Each structure stands twice: as C-alpha cells, then as structure tokens.
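**Q** Sequence:
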Amino acid sequence: MAGVNNGARRQRPNLLITGTPGTGKSTMASALAEASDLRYICIGDLVKEKNLHDGWDNEFNCHIINEDLVCDELEDVMQEGGNIVDYHGCEFFPERWFDRVVVLQTENSVLYDRLTRRSASISSLSIMFSLVVLL
222 MAGVNNGARR
232 QRPNLLITGT
242 PGTGKSTMAS
252 ALAEASDLRY
262 ICIGDLVKEK
272 NLHDGWDNEF
282 NCHIINEDLV
292 CDELEDVMQE
302 GGNIVDYHGC
312 EFFPERWFDR
322 VVVLQTENSV
332 LYDRLTRRSA
342 SISSLSIMFS
352 LVVLL
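Sequential numbering from 222 applies to the sequence shown in the numbering used here.
These are computed hints drawn from the structure, not numbers from a lab. Check before you lean on any hint, since a few could be wrong.
[What the hints assert, rightly or not] Below, computed lysine to aspartate or glutamate pairings styled on DMTMM-like, alpha-carbon distance capped at 20 Å:
#1 LYS271 / ASP297
#2 LYS271 / ASP258
#3 LYS271 / GLU294
#4 LYS271 / GLU255
#5 LYS271 / GLU288
#6 LYS269 / GLU296
#7 LYS269 / ASP258
#8 LYS269 / GLU280
#9 LYS269 / GLU294
#10 LYS269 / ASP293
As the structure is a computational prediction, the values presented were derived from the model and not from experiment.
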C-alpha cells in the first residue's frame, strides 16, 4: 500500500498518516495540511460529526466505526485528491485512495505517558501495549 500512485487520475496527492494512538498523527497531519494547503481529515472527528458509527463501545470508551459508511462518505473527496487522512489503522481503506502512507512510531514509555495524560481507559492502554509488544 505504501507506494500506490494514482496521480494520473488526481492532480493532488492523498496521504495517510497512521500509527498507534499517541504517536503524534494528529499533530503531524494537521501541520502538514497547513503547510501544504491540503485538506486535513481526522477519521475520528468525521465519524462523530457525520454519525458514521454503530454505537458506543463502553469497554474501549469510543465509537464503533462503521467502515462502510466512512468509505462511502469519503469516496468522492478521496477521488478528488488533496487530502491528508489521520487514522490509527489502514486496513479498511481502499489502496487506490492513497499515494503515500506514513506510519508513525514512538517508544512505549513515551506512548504510555502521552496516553495516560489523555486519560485513556485502562483497557485501551493494556490492549495497545500488548499489540505493540507483538510488533
């Protein structure tokens, strides 16, 4: 997915900034969007604003994203180009949407400090750190 180029159809590129929560995706993506005049799309905000979810997950303290609704909502915008998308995963997005994918990483101790300052739920923290150890 990292090298897909659809420049023949789009005048402006689409980028995906992804990585574990707490790595700086939102900071990086919004700064890049501002510096490049590309549109910043935070999937979490989009899901809330457009009601693109199937309810609330009490264990993880977050919305249950409806991936089909998200893809339907973004299809035209992504085909147009000129977007920087901020999301912690990439598995449900069509490969053709992105010209470049940037995966951010941060040391576990830094992640833990950042996420506890955000008051992330204990369930979320323990699952994230279990996944990071597996990687």
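**Q** Check each numbered hint from earlier against the structure, then list the numbers of those it violates in ascending order.
**A** 2, 4 and 7
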